[in-house]
Amino acid sequence: MKQKLASEFTSVVDAIEQHLVGKREAITLMLAAYFAGGHVLLEDIPGVGKTTLAKSFARVMGLDFGRIQFTSDLLPSDIVGVSYFSQKEGDFFLRKGAIFSQFLLADEINRAMPKTQSALLEAMEEHHVTIDGASYVLPEPFFVIGTQNPHEEVGTFPLPHSQLDRFLCSFGIGYPDKAAERRVLLGLEITAQQSDTPLISPERIENLMQQAREVVMRDAMLDYLQDVIALTRESGWFDYGLSTRGALALSAMLKSWAMLHGRDYATPDDLQAVAPAVCSHRLRFSEGVTTAERIHAILFSNTRSDA
Amino acid sequence: MRFLPISRFIETSPLRLLDGACLLVMLPLLLVIKVPMLLYMLLVFSLLFFRKRATGLTLFLTALAGVLALFLSLYGAFNFSGLSRLKLFVELLIYLLVIAVSLQRLTREINFYLIISPILLMALSLFFFHSISMLLYVLVEIFVLLWLILLHRMDGHVSQSLRMAALYFVSSLPWVVLLFLFFPRISFEHAAYGFRGDEVRRMGHDGTMYLDSKALLVPSERIVMEVSFAQRLPAADQLYFRGSLLYVDRGDHWEPLPRRLTQNSKPVFESAEQLSIYNITLYPTQKRWLYLLDLPYEAPKGATIDADFMTTVPEKIDTVQHYEATSSLRYRYGRATSPAVVEAASRIDVRRNPRSYALAQQIAQRYPDMQQRADAMAERFRAQALRYTLQPKPLDLHHSVDSFLFDKREGYCVHFAASFVLFARMAGVPARVITGYKGDLANSVKNYLIIKEKDAHAWAELLIDGAWQRVETTAFASKVSADRGTQSSQDDADTQGSLLLKKINLYLMYIKYEIETWILHYSHFRQMQLLEEARKNPGFLLKFLLAIVLLLLLVIVAIRVLRRPSCSDRVLCTMRPLLAALRKQGYEREDGETMHAFLCRYLDDFPQCREIAEIDRLYERIRYGGEDTTGAHLRLQEEIRLATIRSGRA
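Same order as they appear, the protein sequences are chains A and B.
Anchor point for the first sequence: position 248 equals 248 in the numbering used here, and the numbering is continuous, going up by one each time.
Anchor point for the second sequence: position 16 equals 16 in the numbering used here, and the numbering is continuous, going up by one each time.
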């Protein structure tokens, strides 16, 4: 798939790519999810750059960065914060948790207990938290990157399907290719590390999010999108089809993708680019393993954008 | 064409597909299969319906039930000599196949044998049915079987498999036609069976002729035979189809000559001109006569013509017969008539009709010349003011001629013919009654003629100066009765509307006849006839080749239509030439590849092709960007034109 990024975002992607060589697609997906106002689940083995991606992303976008390392003894209050009584002041005060940041990295999310997981996931959905009966609004835009290692099983609490649905998209980063790896091995990519300054202003971010929402899907595009959605539901390949929330996620994501590529209308290529990321944690094949590649192959070899 | 996932797939369990195929081919066979076997099939069906697990015991009992059903179905015919009858043998085969298919189906396992069984059953059903309805049904069967196979191979992709089935079906048409016409055929007496009930026994003319009230004629519209002439239809007064000849007056009815007088006699022509060749389809009569146009010149295969030119076959006709015959329309014969026959044709009982006898004698004495005498007799009959009616008052059968000629003065063909023959004999002219059918031109299209039961007719033949001459005796009637039966048979009161309907009906009959002749009963003989015609007549050959070319063209068009799904969108139509040009260069769009991805792939190989990049941009803007303006379309068209020119050069 060859789609050209709009020039405004080329610099952003370039800046992040300095830290994560050769992973433009993952970076672009991350950007798209961000401008679509959703959250991202990074699923991959440790050490391929999940944290690096998150950190450099936050830095380039100029977001205030919070991080929680999930462990089995993590409590909900560790995430959202706690209200405590100050004897000096004689009143309750709130100590805000890490969730009160514009950009939250929730590392190894599947290591925490379900109660803790759901505290985070609810906050992600609602964009506010409730502590001791008082409601606190989270900073906007609020963006969570959850990571999890799909291969670790001992001591983990796998996220149920309903919770996974809260993430707009999910993808892995994968190993770097040979050339990129060589650069990493030579230590070339570290040079520019500290010189990062925000490339996009908060106002511009607001603006771009609005722009992403305003991308148009014409009839031809909607037909195609609906064909794909119907295929997930009726073909019998999947245990269950895409929910309406899933469908909305798909449309939000592809619109954002279209915006990143400098268009105010969406095309089938946008859908094909984002569908595996949006669907891979929402669909499960009735038979065989569920991989992003397989989802892409099945969804798009059985539907036609035009003929 | 958009392939909507919603209706695209159906569940294609191979067993279900096979069930469908079996059901399809079994439908016509249900008419053949006897009740015990039907019950057995019901049993198997209910076992399948209730999803009974096929244990060894179930299978054993089912097999036992099958053998029992087989035994009961063929009870009475169940011996080895019976099996030499083809139909019985085929029936047995079907039963065995049904049992075997049932057992295999109960195991829920598919084997090769189960897969081919629908085709076997279809082939076997052809032994029983030869009608046009079956022809159409077989076409449907072939198409559906083909479709089911493709449906299976294409994982239940309904629209695609239907399209492919249609494609295969259409592309096979020219080969089917050529093979059908030219594949060497075994010359084989064609056995016609037809759907049950298709061939009810046709009444009509019968070996004797009754004059009493029992002989009330029912003007039936039932078709006795269909005739198609090689050349033009003969004139209306030549359409006499000769059946049997009657000599012996028994008062209330007439009988033919005793067998011994006609046996081993040969027909002798003195002259035969104006030959007419024609094909006849005769429906079962349960009699031994074939009806041939006066005067049969050459008998159909297997039939014999006797000295009276009566054509018979050795067995009663209980299946549809197709025969070709030649007749002479201008002929002279009679000198070779044996004295015994002349004697039989002159025998009268003078005491029974004294008044007529006196009159006949009078005429005989006044006209010694035979021809004049015959004319005078006809004149006399005409002078009697006889009335033609299908519902006459009964005659006094002891004095039938007197009663007819002087008292009742009415009747229909048999009365006219019988009276005139007796009258001629009384005047000393040997005469006989001929029964058969007289064709009605109202029932003809082009060179095709239908003979209905109501066309049954009787006329007279007089031996004048050593030549038998036909006399149309009903022509002596001076008026036609106005009663309903007679009128309707004369078709006088037909309104414009019913005339049109009749015409349409006749045309349909004609088409049916042509299909039967050239498809259902296409034979070695027809094949030879066709080849002969092609050899003799270059015009025909040219026409034939043209027809084949036309058919090929039609098929090509159909294939193009089927292969290229019509574009649902204007912009897709615009893109077509480009896609075709790229295809020529070896760039085919892959499954699920978007237009953009496809064009990018091409651009990777030909980066200098700026038009393609522009086309990509325009296409996207028109189809997805809402820029669906004529201007944009025109620009796209122009770019495509340039790109195709460039790719043509490349």
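Do not rely on the hints blindly, as some may be mistaken.
[As the list claims (entries may be wrong)] Here are some of the chain B residues that sit facing chain A, going by a computed Cβ distance under 7 Å: (1) Gly592; (2) Thr594; (3) Arg623.
[Claimed, not checked] Derived pair list, reagent style EDC-like, types lysine to aspartate or glutamate, alpha-carbon separation capped at 20 Å: (4) A:Lys4 x B:Glu611; (5) A:Lys4 x B:Glu614; (6) A:Lys88 x B:Glu611; (7) B:Lys408 x B:Asp616; (8) A:Lys4 x B:Asp604; (9) A:Lys4 x B:Asp252.
[As the list claims (entries may be wrong)] Here are the simulated distance ranges between beta carbons: (10) B:Leu68 x A:Glu287: 36 to 46 Å; (11) A:Glu287 x B:Ile115: 51 to 61 Å; (12) B:Leu554 x A:Glu287: 53 to 63 Å; (13) B:Trp518 x A:Asp219: 51 to 61 Å.
For the record, the hints were derived by calculation from the structure and aren't laboratory data.
We put the CB at the ideal spot given by N, CA and C, even for glycine.
How the hints compare with the structure:
{"no.": "1", "hint": "Gly592", "verdict": "holds (3 Å)"}
{"no.": "2", "hint": "Thr594", "verdict": "holds (4 Å)"}
{"no.": "3", "hint": "Arg623", "verdict": "holds (5 Å)"}
{"no.": "4", "hint": "A:Lys4 x B:Glu611", "verdict": "holds (18 Å)"}
{"no.": "5", "hint": "A:Lys4 x B:Glu614", "verdict": "holds (14 Å)"}
{"no.": "6", "hint": "A:Lys88 x B:Glu611", "verdict": "violated (77 Å)"}
{"no.": "7", "hint": "B:Lys408 x B:Asp616", "verdict": "violated (99 Å)"}
{"no.": "8", "hint": "A:Lys4 x B:Asp604", "verdict": "holds (14 Å)"}
{"no.": "9", "hint": "A:Lys4 x B:Asp252", "verdict": "violated (107 Å)"}
{"no.": "10", "hint": "B:Leu68 x A:Glu287: 36 to 46 Å", "verdict": "holds (45 Å)"}
{"no.": "11", "hint": "A:Glu287 x B:Ile115: 51 to 61 Å", "verdict": "violated (25 Å)"}
{"no.": "12", "hint": "B:Leu554 x A:Glu287: 53 to 63 Å", "verdict": "violated (45 Å)"}
{"no.": "13", "hint": "B:Trp518 x A:Asp219: 51 to 61 Å", "verdict": "holds (52 Å)"}
Checked against the numbered hints given earlier, this structure breaks hints 6, 7, 9, 11, 12; the rest are met.
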